[in-house]
Amino acid sequence: MSFNLATILQESRRENPDKPLCHINDLEFSYAQVDEISGRVASALRGLGLEPGDRVAVQLPNLPQFLFTYFGILKAGLVMVPLNPLLKAPETAYHLTDSGARVFVTFEMFAEEAVRAVELAETGESVRTYVVNLPGNDERPEGTLHYDELYFAEDFGEPEPTGSDDTAVLLYTSGTTGRPKGAELTHFQMYMNCTVGGDLFGFRDDDIGLAVLPLFHIFGLSSVLNVAVRNGGTVVLVPRFETAAALEAMERHRCTILAGVPTMYQEILHSDTGGRDLSTLRVGVSGGASMPGEVMRAFEEKFPGMVILEGYGLSETCAGATFNINAEQRRVGSIGKPLWGVSVRVVDSDDQPLPPGPDQVGEIVVRGHNVMKGYWNRPEATAEAFRGGWFHTGDLGYTDEEGYLYVVDRKKDLVIRGGYNVYPREVEEVLYEHPEVTAAAVIGRPDARLGEEVVACVSLGPGAGATEEDLIAFCKERLAAYKYPREVRLLSELPVGPTGKILKKELRPLATGGSGA
174 MSFNLATILQ ESRRENPDKP LCHINDLEFS YAQVDEISGR VASALRGLGL
224 EPGDRVAVQL PNLPQFLFTY FGILKAGLVM VPLNPLLKAP ETAYHLTDSG
274 ARVFVTFEMF AEEAVRAVEL AETGESVRTY VVNLPGNDER PEGTLHYDEL
324 YFAEDFGEPE PTGSDDTAVL LYTSGTTGRP KGAELTHFQM YMNCTVGGDL
374 FGFRDDDIGL AVLPLFHIFG LSSVLNVAVR NGGTVVLVPR FETAAALEAM
424 ERHRCTILAG VPTMYQEILH SDTGGRDLST LRVGVSGGAS MPGEVMRAFE
474 EKFPGMVILE GYGLSETCAG ATFNINAEQR RVGSIGKPLW GVSVRVVDSD
524 DQPLPPGPDQ VGEIVVRGHN VMKGYWNRPE ATAEAFRGGW FHTGDLGYTD
574 EEGYLYVVDR KKDLVIRGGY NVYPREVEEV LYEHPEVTAA AVIGRPDARL
624 GEEVVACVSL GPGAGATEED LIAFCKERLA AYKYPREVRL LSELPVGPTG
674 KILKKELRPL ATGGSGA
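Each residue of the sequence shown is one higher than the one before, counting from 174 in the working numbering.
FYI, nobody ran anything at the bench for these hints, they're computed from the structure. Just so it is clear, CB atoms sit at the ideal spot from N, CA and C, and this is done for glycine as well. Any given hint might turn out to be false.
Unchecked claim - DSS-like mimics (lysine-lysine), calculated; alpha carbons at most 30 Å apart, straight line: (1) Lys261 - Lys649; (2) Lys546 - Lys649; (3) Lys475 - Lys584; (4) Lys546 - Lys585; (5) Lys510 - Lys261; (6) Lys585 - Lys192; (7) Lys475 - Lys546; (8) Lys261 - Lys475; (9) Lys585 - Lys649; (10) Lys585 - Lys475.
As the list claims (entries may be wrong) - Here are the computed distance ranges between Cβ atoms for each label pair: (11) Gly576 - Asp524: 17 to 25 Å; (12) Gly562 - Tyr324: 40 to 48 Å; (13) Lys585 - Asp523: 38 to 46 Å; (14) Asp321 - Gln525: 54 to 62 Å; (15) Lys261 - Glu201: 47 to 55 Å; (16) Leu259 - Leu221: 21 to 29 Å; (17) Leu200 - Ile589: 49 to 57 Å; (18) Gln502 - Arg377: 36 to 44 Å; (19) Gly330 - Ile589: 22 to 30 Å; (20) Asn198 - Ala646: 43 to 51 Å.
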């Protein structure tokens, strides 16, 4: 069966060609414009000698050129390799080498680093590199090409008739264990995710979503951009998350949907929004990490008329696996129930299903239309991840009697103190109950007597006066003796990745003796 994901753009264009697909500041591009420009990009890429299945690496922030390139790659039957613009040259070189990318599209701010990456890459042939420049600037490193050259070809026309199981996007995992691996996401899987995803909370064709999550990440690409295009909606592009910029964009363009990770909601919650009209917001979608219940409740109090719905997924599951579908049926603290067509289990160390109950914590495993077809050129890693026919997420959780799923933590984040399992999220939830805490992350420190000790890294709001001892006492009153942190490190801010997730791997050195402030 042939099916190309770019069909979602062409069908929405047929329905309403003049409707804005995206806004960015004062610019807007209609469905017809994005469809035509991406068609030109598709023709230009194929004109370089690329054949269906060849990989194109894209290292761009949330700009219109990301959309033109993404849909151009899909139309041409090529494979999109989205890359984080913040990667350094050796990291980018690894991705170029591993994917075998033949073309590389980057942004002027990252161009010098991109050129070094191409020099370091071991691809067997030169990688043609195009640079997206902002208006008024044509400077780029020697040997690179101007992105605008990709506009000069004729429109590609109908998308390449790719197979539904052909890879559309090669998305590299974060590499928390070992080198990043490329998850192969197919045209059909990504189509199903944006179709099912849009149905979850009743996406309407008049919805306007804030696209502040990076589009090179699966959450932004699939659950924001693809969902909007599949349903004929509009996105407002914000190149990077800054609270003031996000608030201004939401007010200016009358956004109805906000999708983000918990740290984004926390930043907005603690910001001054006085005088801004954000009354059009109706749905907040949260994922990427567990949202503290206190943050959810406080956010909805600050923005009445808006409901936050939490879901769960990974790069390997096209962003989606479970979701809370509405305010009436959601469970605060839960990531909801499996999506339509998706099965989820909690299993023990022998991969046997566990019964419901908070004392029955095991690994979350998934199977369904959403799960990748495998890791690129990693047959052994693929076989290990899919043992028993289920994709093993590496996340720990449990179910309740009604089938709602609760994530406890990542397997690797579990702290084992004196033989007792301490789940960092449970401790973090308590810390977020403290009125002066704005961000918290709990990690383990090696301990000769107990195996590991519980350490909390915390940042406080402006003018806060809480001390380390205050926070330890606060937790001690609310947690069992083996759970509360014996150490608290007060930091001006916690390190976050491009999607806003707290980077615990950067905090772990602090747990072994680094300084806090």
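Do the hints match the structure? See the list:
For the hint pairing Lys261 with Lys649, the CA-to-CA distance comes to about 42 Å; that exceeds 30 Å, so the pair is violated. For the hint pairing Lys546 with Lys649, the CA-to-CA distance comes to about 46 Å; that exceeds 30 Å, so the pair is violated. Only pairs whose Cα atoms come within 30 Å are accepted, and Lys475 paired with Lys584 is rejected, the gap being roughly 34 Å. Proximity of Lys546 to Lys585 is assessed by CA-CA distance (about 24 Å); at most 30 Å being required, the pair is judged to hold.
Of the supplied pair hints, the one linking Lys510 and Lys261 is violated, its CA atoms being roughly 38 Å apart against a limit of 30 Å. Of the pairs offered as hints, the one joining Lys585 and Lys192 is violated, with about 46 Å between alpha carbons and a cut-off of 30 Å exceeded. A distance of roughly 42 Å separates the Cα atoms of Lys475 and Lys546; the hinted pair therefore is violated under the 30 Å criterion. A hinted pair counts as satisfied when its Cα atoms are at most 30 Å apart, and Lys261 with Lys475 does not qualify at roughly 39 Å.
Restraint check for Lys585 and Lys649: satisfied, since their Cα atoms lie roughly 24 Å apart, inside the 30 Å limit. For the given pair, Lys585 sits about 35 Å from Lys475 by alpha-carbon distance, which is inconsistent with the 30 Å threshold. Taking 17 to 25 Å as the suggested C-beta distance range, the pair Gly576 and Asp524 conforms, at roughly 20 Å. Separated by about 46 Å at the C-beta atoms, Gly562 and Tyr324 satisfy the suggested range of 40 to 48 Å.
With their beta carbons about 20 Å apart, Lys585 and Asp523 fall outside the hinted range of 38 to 46 Å. Between Asp321 and Gln525 the beta carbon distance is about 58 Å. The supplied range of 54 to 62 Å therefore holds. In this structure, Lys261 and Glu201 break the distance hint of 47 to 55 Å, their C-beta atoms being roughly 34 Å apart. The supplied range of 21 to 29 Å is met by Leu259 and Leu221, whose beta-carbon atoms lie about 27 Å from each other.
For the pair Leu200 and Ile589, the beta carbons lie near 53 Å from each other, so the given range of 49 to 57 Å is met. Range check, Gln502 to Arg377: about 19 Å between beta-carbon atoms, so the 36 to 44 Å window is missed. Range check, Gly330 to Ile589: about 59 Å between beta-carbon atoms, so the 22 to 30 Å window is missed. Separated by about 48 Å at the C-beta atoms, Asn198 and Ala646 satisfy the suggested range of 43 to 51 Å.
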